[in-house]
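*Asks:* Sequence:
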Amino acid sequence: MPIPILVQGVTEGIASIPYAWDILKLVPWALLLAALKYYFGGARNIADRSMHSKVVMVTGGTSGIGASAVHALASRGAQIILLTQHPPTDMFLSEYIDDLRATTNNQMIYAEQVDLSSLHSIRTFATKWIDNVPPRRLDMILLCGSTNPPPKKKTQLTVDNLDEEWMVNYLANFHLLSILSPALRVQPTYRDVRVVFAVCSGYIGAKWELGKVGEAMAVTASAGAGKYGKREKNAAAAAAAAAAAGGGEKKGISLYGLSKLSLMIFAQSFQKHLNSFKRPDGQEPSTRVVMVDPGFTRTPGFRRWMTGGSLWGLLLYLLTWPVWWLVLKSPEQGAQSILYAAMGEKFAKGEGGWMVKECKEVDVARREVKDEAAGKLLWEFSEKMIEVKEKEGAVRRAVEKKEKEIEEQAKAAAGTGAGTKEQTPGSRRNRKGK
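Numbering of the sequence shown is given in this note's numbering, commencing with residue 1 and proceeding in unit increments.
No lab work stands behind these hints, which were simulated from the structure alone.
Be aware that a few hints might be false.
DSS-like, lysine-lysine: derived pairs with alpha carbons at most 30 Å apart [stated by the list, open to error]:
| hint | residue 1 | residue 2 |
| --- | --- | --- |
| 1 | 384 | 360 |
| 2 | 357 | 128 |
| 3 | 278 | 384 |
| 4 | 207 | 376 |
| 5 | 411 | 128 |
Sequences are here, hints too, so could you generate the full structure?
*Replies:* See the structure below:
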């Protein structure tokens, strides 16, 4: 059909074709729209390698950029271990993994329950991993887990009474890698091991003030130390207790930028920590750290932040969606730089600690990232915070366990009393006994 139309346009003129001029007027705009879409889509990853037999541990791999990266790596044969908040028996998680196995033709996809908002959950998993004999193979750790609450939202506390942004975006990664460090150092020197940090350009404008962490956690101090006896079982209960004490209504204390800056500082410090290890065989370390800025992407986290967590915000987002579709990357496009860091040949050797954006190595925009003094201060600050919070968590769990045992004993005693029927003097059984 197109050929006869072209012939007619050549022989009889364009005016003989209905609506031809109207269509031709729209062609430049369509080409401009396509060019803008291609430009805002960012660079495309051209690096590729076989991922068969590679063991990849992923946080934040069930949605957004992490899910796209997981799909691409699994399609290349990688064995994926998803660290998720929900247990592997969760119905939705189980269906997600089944679908992922079917679409990638890869059955080596599993899930482990690791709640990034809980220090105890992270330690339980990581300790079990490094206690394995012989040491388990680990080729890559992909850290995509992140949270960005809507602006002006009330301070959210985790089960350990830590700021949610600080905990999930930074401290969880510090805690996980600190424990898994021996598992990375023990990998053979010929194995290409990579730790990929998904960061954000929000670190550029952040103020390097660790005191802001204590300010954001002031709600915890105002709630008082006696709350551990009240059996707060989750962050919502802890936040409610803080609000009752007058601190839970505090708004505008966002640690997102600081958490991302701290994550990059830790990434550099962690690379130096790995490089300083002297292997028994005298070989160079096999693990290298790569930081990746995927760019602005239409992820569920971005949608949550843009809508402000409200229905009116969601309606406004839907009305302006064509704009976001044009200027923001899709999760698949955002994952390109992560895939480049995971498969690029240049990252197999060297000192590590690279920064990648738009599928090319770039320099960091903050001097604190490579400052050894800042890295040492942050490391000590994080270790002390984890030590204090883990002790508090152990006390809280012990109290909750004791109270649960008392409740069970009370229920058992009540059940025994109800099951024992008291004989009255005039009952038939009593008269027969006489």
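*Asks:* A separate judgement is required for each hint: does it hold in the structure or not?
*Replies:* Consistency of the hints with the structure:
1. Annotation: proposed proximity of residue 384 to residue 360 is violated, straight-line Cα distance about 36 Å (limit 30 Å).
2. With a C-alpha separation of about 34 Å, the suggested pair residue 357 and residue 128 falls outside the 30 Å cut-off, and the hint is violated.
3. Between residue 278 and residue 384 the CA atoms are separated by roughly 26 Å; this keeps the pair inside 30 Å, and the hint holds.
4. Between residue 207 and residue 376 the CA atoms are separated by roughly 17 Å; this keeps the pair inside 30 Å, and the hint holds.
5. Simply put, residue 411 and residue 128 have alpha-carbon atoms about 35 Å apart, too far for the 30 Å limit, and the pair is violated.
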